[in-house]
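Here the sequence shown is numbered in my numbering, starting from 123 and rising by one per residue.
To be clear, the hints were calculated from the coordinates, so they are not data collected in a lab. Being a predicted model, the structure only gives us computed values, none of them experimental. Do not rely on the hints blindly, as some may be mistaken.
Simulated pairs of lysine-lysine, DSS-like, Cα-Cα distance not exceeding 25 angstroms [claimed, not checked]:
no., residue 1, residue 2
1, Lys294, Lys248
2, Lys294, Lys328
3, Lys226, Lys184
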Amino acid sequence: MGESETSEAVSTFLDRIEVAKPGTLQSLVLTKEIKRTDEHGRVLFAQRMIRAEKYDVDKAVKRAIDHSVWRKQVLGPEGSIPDDHVREQLEEEKVFLQIETRSKRPLLFVQVKKHSPNKTDLEVLKKFVVYSLETATYFLDSPEYGNPDGTMDVLFDIRGMTWANFDVAGLKSCFTVLAQAFPERIHKIYMLDPPYLFDMIWKIVKPFVDPVSREKVEFLHGDKGVEALKNAIGEEYLPQEVTGLDTRPLPIDQAMRKVTSESCAVHSSLE
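Given these sequences and hints, build the entire structure.
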């Protein structure tokens with residue numbers, strides 16, 4: 123679709139959504155789905171919804187309305203999940219955020235060997251996935267960070283995984299949340315050095331993964347895999363665990379506190 127057709131689709135979307143359910147866009151601002159409070163923030167949101175529904179504006183409007191309801195239910199009227207609701211997940215210290223990268227896309231870094239499914243309630247894990255992805259989205263639309271397309275990269279470091287980390291339901295939940303709640307937000311999902319054990323999990327989970335998400339998954343192995351990451355992300359931005367360099371991404375709760383403090387003043391005026 124050309125630029126003029128996209129612009130027309132966005133205009134139609136913004137008109138129809140307010141007719142279909144007045145106040146939806148304002149609700150999405152208050153719950154921080156739309157993090158830019160200028161008009162361009164609404165345009166970026168409309169573009170994501172339209173792309174996610176293959177430029178069917180009516181489907182995009184319905185999806186946006188459903189998404190608004192979901193955000194209120196899961197993230198509450200203020201658009202955030204309190205740390206206390208995912209405390210057991212935060213204590214495992216397994217998810218980090220590298221805000222700056224070569225591509226200007228933030229990198230969500232997950233250390234699978236620290237995941238303990240036997241100690242994890244699945245509903246809490248789903249909340250934690252939302253918490254982590256939501257934190258990264260704060261760096262996607264702001265012109266300050268220069269993101270080229272409103273997406274992030276995700277790196278699953280699967281080295282050292284054992285049976286103790288085996289979690290089919292958890293992995294399925296990750297991809298379900300991605301597809302349903304964060305459309306058009308993922309650039310690439312890198313799987314670094316997956317052992318045979320992970321291959322078993324992936325064979326079970328893959329049929330349940332949304333085709334769009336599945337196309338973004340890239341398996342990387344050995345030194346060639348690390349080199350591919352260096353080229354895509356930048357060696358100086360990759361976590362110390364990958365390159366040996368002294369680069370330490372923020373633990374995800376610290377990243378959330380950073381974005382909360384930066385955005386609080388803007389959104390408090392809208393509440």
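Practice problem: Kindly indicate which numbered hints from before are broken by the structure, ordering the numbers from low to high. | Solution: 3
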